[in-house]
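Trainee: All chains should be built: construct the whole structure from the sequences, respecting the hints.
Protein chains in written order, with the numbering used here: chain A, 1 to 359; chain B, 360 to 493.
It is worth saying that the hints were derived from the structure and are not from the lab.
Using N, Cα and C, we set each Cβ at its ideal position, and we do this for glycine too.
It is possible that part of the hints are untrue.
[Said to hold, decoys possible] Label-pair ranges, simulated between beta-carbon atoms: (1) 315/A - 370/B: 39 to 45 Å; (2) 428/B - 292/A: 41 to 47 Å; (3) 381/B - 312/A: 37 to 43 Å; (4) 428/B - 210/A: 36 to 42 Å.
[Said to hold, decoys possible] According to the in silico footprint, chain A covers these stretches of chain B (three or more CB under 8 Å from chain A): (5) 375 to 385; (6) 446 to 453.
[Stated by the list, open to error] Calculated from the model, a selection of chain A residues having no Cβ within reach of chain B, i.e. all distances over 10 Å: (7) 53; (8) 108; (9) 130; (10) 218; (11) 238; (12) 333.
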Amino acid sequence: MSAGQPADALSESGSQSDVAALVPVIRRFVHSRVSNEAVADDIVQETLVRMLAAAGRVEPGMVEPYAIITARNLIASMWKEQERHRRNQHRIVDLRSPESPDEGLLQQEDKGAVAEALERLSERDRRTLMAHEVAGQDTQSLAGELGVTAGAVAAQLNRSRARLRVEYLLALEPGTALTDRCRPVLFALSGGDRRRQREVDAARHLLECDLCEKLSQPLLERGQRSDGEVRIRIRADADIVLARQTAREVAARLEFSRTDLTVIATAVSEIARNVVRFTDGGEVVVELLEEPRRGVRIVARDTGPGIADVEAALVDGYSTYHGLGLGLPGARRLMDEFAVVSEMGRGTTVTMTKWRQEG
Amino acid sequence: MDTGPALVSILRQGSYLIASVHTALDDSQMVRFQQDLIEQIGQHRSRGVIIDVAALDVLDSFGSKTLRNISEMARLRGATTVIVGIQPDVAFAMVALGMSTGSVPTALDLEEGLAYLHDRVHTGPSAVTGSSLS
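Mentor: Here you go:
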């Protein structure tokens, strides 16, 4: 609009008065479509501005329709804008949590723990592990250097990793007192070595030692848990039902007969009840066996006072509470194999097995 | 305390109570069942009680003992108890365990149980004295 000179000024003031006359019409039009007063006023203003700009181009009789069309377009584009905003609003939100101030500290602690864990490994273990994991040297060439077979190197690496995991977890728990049994048990768990776990009686130690119980969670999670073994914590009445139902479910995988399943569930119910009645806690482990025959083995461990006279406890009618004294002897009659090991002051382990009747 | 579906229902049928166990019960639930049942025998002045245990997964020593206790308490309150619905595999396991319901009468199902009570209760209470708990 470079033509803002006196000659035009006249005609412009003329069109301005035209535009001013439009105000009520535009207001009525816009306000009937936009409920928000402030927004409606904005649109009216915007329409007027456009009308002023276009005044020279619009034919005299067409000013009013032109104004209404302009207002309508402005309203439509406002709605479009709002709709687009609504649709894309979620993109604006950043869902990543901001880096918390303790992150750096945690990372540092983590690094310290790994360093400390590495420190605890033997010189030879550490060197081999670093050469393999950090420098990327393969087991074959490591075997050549160490003068052993590649398999032996791999086994050693596995052991070192298992130890490293344990030492790392221990390094994160500074100031905790370890018994001389803790490390061997944790190593056996970390390595996933079933035979070794039995040798050190890892299951019992986990019942007795809260620290190892806690540390064993991450160690056991990473290992491939065989689904042929289920562990149930026994503390209260309801756990008895859970234990016997679990035993039934696990045993059902071997296609035991309905009767055998009920027999197994009944035996589990009896020994789990003993754990609840006489001790402050224990566990029942249900395990499927393939060798020497197919069957199900149930181990109940507790950290109770122990049974003073196991022989007597296995006789019908021996009862220290108002029961029937049928718990242990009854369970023994129900199962094919039955063994009780009890240590005064430490607890009792009941191991019982039901073999699958073949054919 | 428990908000789930009822574990046990105790329904009145004339002068009888019919108690059905709907699911596996743990020991404390079993004891509560016993209390509820004995209480209701008094409330409804029931002469006979049928306990339907068809839904119980096992009848172990505690379960069997509780049933015997219920029966004895009911007898002392003047009601005859009959247990119905013991499943064949549960029966097998009970025998293998060395467990029994003692002298508590049993019947195959609800119908037999009702027939049993009908005979006993309506021929007079003296007929019931034949059963004693060993």
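Trainee: A separate judgement is required for each hint: does it hold in the structure or not?
Mentor: Structure-based check of all given hints:
no., hint, in the structure
1, 315/A - 370/B: 39 to 45 Å, "holds, 42 Å"
2, 428/B - 292/A: 41 to 47 Å, "holds, 43 Å"
3, 381/B - 312/A: 37 to 43 Å, "holds, 39 Å"
4, 428/B - 210/A: 36 to 42 Å, "holds, 39 Å"
5, 375 to 385, "holds (count 3)"
6, 446 to 453, "holds (count 7)"
7, 53, "holds, 71 Å"
8, 108, "holds, 47 Å"
9, 130, "holds, 54 Å"
10, 218, "holds, 32 Å"
11, 238, "violated, 5 Å"
12, 333, "violated, 6 Å"
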